[in-house]
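Just need the whole structure built from these sequences, with the hints factored in.
What follows is the residue order along each chain.
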Amino acid sequence: MTTWPRRTRLAAPLTILTGLALLAGPPVRAAIAPEPIVLAMSAAFSGPSRGLGIELYRGSLAYFAEVNAQGGVSGRPIVVKTYDDGYNPAPAIYNTIKAVEQDRAFLLFNYVGTPTVTRVLPLLKRYASRSMYLFFPFTGAQPQREPPYDGEVFNLRASYRDETYALVDHFAAVGRKKIAILYQADAYGRSGWDGIRRALKAHQLTLAAEATYARGTPYETHLTEQVEILRRAEPDAVIAIGAYAACAAFVRDAVNAGWKIPIANVSFVGSQNMLNLLVAEERSAKRDYTSMLVNSQVVPSYEDQTLPAVVEYRTLMQRHAPKAPAVADLTDYPLLDLNYVGFEGFLNAKVIVEVLRRMKGDFDPARIKSVVESIHDLDVGINAPISFGPNRHQALQYVYFAGVERGRWVPVVDWERWAK
Amino acid sequence: MKRSGLLTRVLIGEVILFAAIGLVTSGLAAYTLSTRLSSEFLSKGTAIATSIANASDELILTRDASTIQSLVDQFRQIRGVGYVFVIDGDGTIVSHTFVPAVPAELQAIERPKWTDNGADQIRRQDIRVKGGGDYIDVAAPVLAGVAGSVHVGMDRGVIRADITSAILTQLLVLVGIFVVAVAVAGVVVGRISRPLSALTAHANEVAGKSFESGFDADESTLGPLAKGRDEIGELARAFLAMERVVASNISRLRQLAGELAHYNETLEATVAARTSELQEKNVALQTTLEELKQAQEQMVRQEKMASLGALTAGIAHEIKNPLNFVNNFADLSHELAGELREDLELEGTTLNPKIAGDVPDILDQLQVNLSKIKEHGVRADGIVRSMLLHSRGNAGQRQATDINALARDAVNLAYHGMRALDSNFQVGLDFDFDPAAGQIDAVPQDLMRAFLNIANNACYAAYHRKERADGVGRLTIRTRAPGDGTIELRIRDNGDGIPDEVRARVFEPFFTTKPAGQGTGLGLSICHDIIVEQHRGRLSVETVRGSYTEFIIVLPIAAVPGGPNRSKNVH
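Heads up: the protein sequence lines correspond to chains A and B, in order. Numbering follows the numbering used here, with no gaps: position 43 of the first sequence is 44. Numbering follows the numbering used here, with no gaps: position 425 of the second sequence is 1418.
Since the hints were made in silico from the structure, they are not lab data. Be a bit skeptical, because a hint or two may be false.
[Unchecked claim] Across the chosen pairs, the derived CB separations fall in these ranges:
1. T1055(B) - S130(A): 24 to 32 Å
2. S375(A) - T1055(B): 26 to 34 Å
3. S132(A) - A1097(B): 46 to 54 Å
4. K126(A) - L1021(B): 49 to 57 Å
5. R1072(B) - K126(A): 26 to 34 Å
6. R1072(B) - T307(A): 53 to 61 Å
7. R1072(B) - A70(A): 49 to 57 Å
8. R407(A) - R1072(B): 46 to 54 Å
9. G1183(B) - A215(A): 52 to 60 Å
10. R407(A) - I1115(B): 56 to 64 Å
11. L331(A) - T1055(B): 52 to 60 Å
12. S132(A) - E1051(B): 25 to 33 Å
[As the list claims (entries may be wrong)] Sample of chain A residues with no beta-carbon within 12 Å of chain B, all distances over it, derived:
13. E36
14. R105
15. L224
We treat Cβ as the ideally placed atom computed from N, Cα and C, and that holds for glycine.
Here it is in structure tokens:
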């Protein structure tokens, strides 16, 4: 971590030069300048969830930079055009329209968030004639995995349902059957809520309690009211479906209230951002805010270096030191080192590059769907084969768990730790 | 400037008017807006609830809850929508917009069997969420209630805020108009009230003025005002006229006041003068009182003297006969002694020579003794006669009187009288009588008294003189006959003289410079009476301080015809 800022600074002028070269390129070398493949990314680059967009982007960029450094795909560089929607539905819609109509995006990539994506989905129907597809949105919600929109979306990561089922199953297995839920008062939270309800139903259980918070709640806000509502039901565990700032605030307030209870978060939370907030809190408050955390992840741990993809991620992150996009609001935001979100972005990039390569130079959007659906048992180095098909736009279903040890996320191997 | 009462009244009127307008229009607006907005919100809520309900039948039944949540969230953004929640066919709230939780009031909301009440019924009810506001809950059934219901809460707070904002805007406009109205009123009233205020201020100034320094009609203030053609101008003119009258009255008053002040001063001076006069009179009265007391004492004394005089006259009369015998028999004895001597000379040889030798000596001695008896007898007779003369109580008769003899007797009597009182008394007597003075026609007893009195005073002054202690007291008595039908008698002493202030009063009755009890103060007064009134003579005094005092008595030789025989009897 300590070496990163310096590398970032050294890398910055290079990147700017590269960017300038790209912008200045076409008029000068019009005849031979390869047209870049534009991937449009509307995500949270500002606001309390900006860490998700920024890190997802940076993870992807590590891989794209490497690909571009080696000549791109079919001689064409990959460019990620970023749009900030601040994790709000309306800007996400405008961004998408702009990307399609104005910026001639080849495909939509790395969108972040359920409320945003669920609102963008109808647009895909509108642009179906242009074969506009959304690849690997950073959300586990159901709408893009179900009709009528599953045809226009390709999902790499496991769904919230997968995550919540896994969490509920594991909690139930260690005797924690009274599950309470804190969720974001929007489609994302509702998606997790729905997943948990279904998972509980499978165990003939019901929700012990539920509380919501408003999207965009910053870390400084106190969620003591929510803590009290849930605590009143005396649950065995709390599953939080939220963003890192609010979830960290909830953990902080629960611990401050003296409530010792396992608190689980799903992958979308942005585990590293959350951990950073709580570690800082631990340092100032001298209390343990992290030992009771258990987060579900949809990618393997970036610490597991037995996986080739992890090694590659680490290597390329170090090599290219990707910076945040220009649209990002970096006020008081230190870029992260390795993290789950970034690793997911890296994997997303790997798969999309594979898709682009399989286009074999013929970048006709109408071919995208068939190309993707032709992918079977693709090994991206995470010890999990990736397959798509005409009826399968959901590649992975694996769920991983991470707990905190010595201020770092580590894979959870033994759930007995959470036994009641 | 003083606040204009007129303006204040107009302002109060405007305030009341505008307050009334504000109240009425605000109330009306509030009522209208409340009704309109409520109905509008209600129809809005109904539309939203219905549209969600219509769109979500399939979603609720088949889709993930996040889909319907996404839908619900969109409607939540619409203004006035406080909350949206969806209940599924089992009665579970599957989507809502509440943070941090669905309020208990809404969790417990009635989940009616829509089919029982007739399909597709929109239900409305007012919901009050504790600590969360007031809502109109609009519930629309999904699939006639089989698939659940959609609840939209229209926030009454927004309605209220809208009404408040509308009314505030209206009030703001009203206040604007009010300000303009006040400004206009201010200008209009100012035009009226400024001269009024000026007049009032001027009147107050005049009222508070001290008129001591005079008063003039304030032409410079009232003049311009009086030019006005309106009622205020008339008022100013009236004012000016009044002030002119007041000014003239005041100047007259001031004049009168000045006169009064002058009279006052004069009065004071007069009073002071009168007072001092009174005081002087008082002193004079005091003096008079004292003099009266002295006079009383004097009269008592003179009464005593009168009785003493009577006694003296009696005694003198009684003594005169034996004294005549003594004188006559002394004469006779002296003649007899002479005859005896002749006889003895004739017959001396016959006698014993021894005896014959002694008898003539004895006879001589006897004759000397008898002469002495005769001499002193005559003297005693003179004294008795004087006493009789002096004390005779009955009216004196004018007769030819030897002025020289009378003066000598008077001075001698005074001298001896003083001697009788004080054995140390010693003054020299110089008589310078003019034989031509002779006889005058007068009352000798009265003149005797006057001369005696003056001689007494002269003796007293000569003896008691202080200024020239080296010399001896001396009286000089002179008579002259100037040949004009009068004789003049001057009695001079070489005493201390009479001070001027005393000299003026020496002839006043009861005036005396002698110690109390030693003089009656009547002496010279009586002298004056006797000489001037009774005998038509003149009495005057010449004196030089420290040198002498001389009383000059001038008497007509013949009785002045028509003069009273005796004007005054002091006894």
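Results for each hint:
| no. | hint | in the structure |
| --- | --- | --- |
| 1 | T1055(B) - S130(A): 24 to 32 Å | 27 Å, holds |
| 2 | S375(A) - T1055(B): 26 to 34 Å | 30 Å, holds |
| 3 | S132(A) - A1097(B): 46 to 54 Å | 50 Å, holds |
| 4 | K126(A) - L1021(B): 49 to 57 Å | 51 Å, holds |
| 5 | R1072(B) - K126(A): 26 to 34 Å | 28 Å, holds |
| 6 | R1072(B) - T307(A): 53 to 61 Å | 56 Å, holds |
| 7 | R1072(B) - A70(A): 49 to 57 Å | 52 Å, holds |
| 8 | R407(A) - R1072(B): 46 to 54 Å | 50 Å, holds |
| 9 | G1183(B) - A215(A): 52 to 60 Å | 58 Å, holds |
| 10 | R407(A) - I1115(B): 56 to 64 Å | 59 Å, holds |
| 11 | L331(A) - T1055(B): 52 to 60 Å | 43 Å, violated |
| 12 | S132(A) - E1051(B): 25 to 33 Å | 27 Å, holds |
| 13 | E36 | 36 Å, holds |
| 14 | R105 | 28 Å, holds |
| 15 | L224 | 8 Å, violated |
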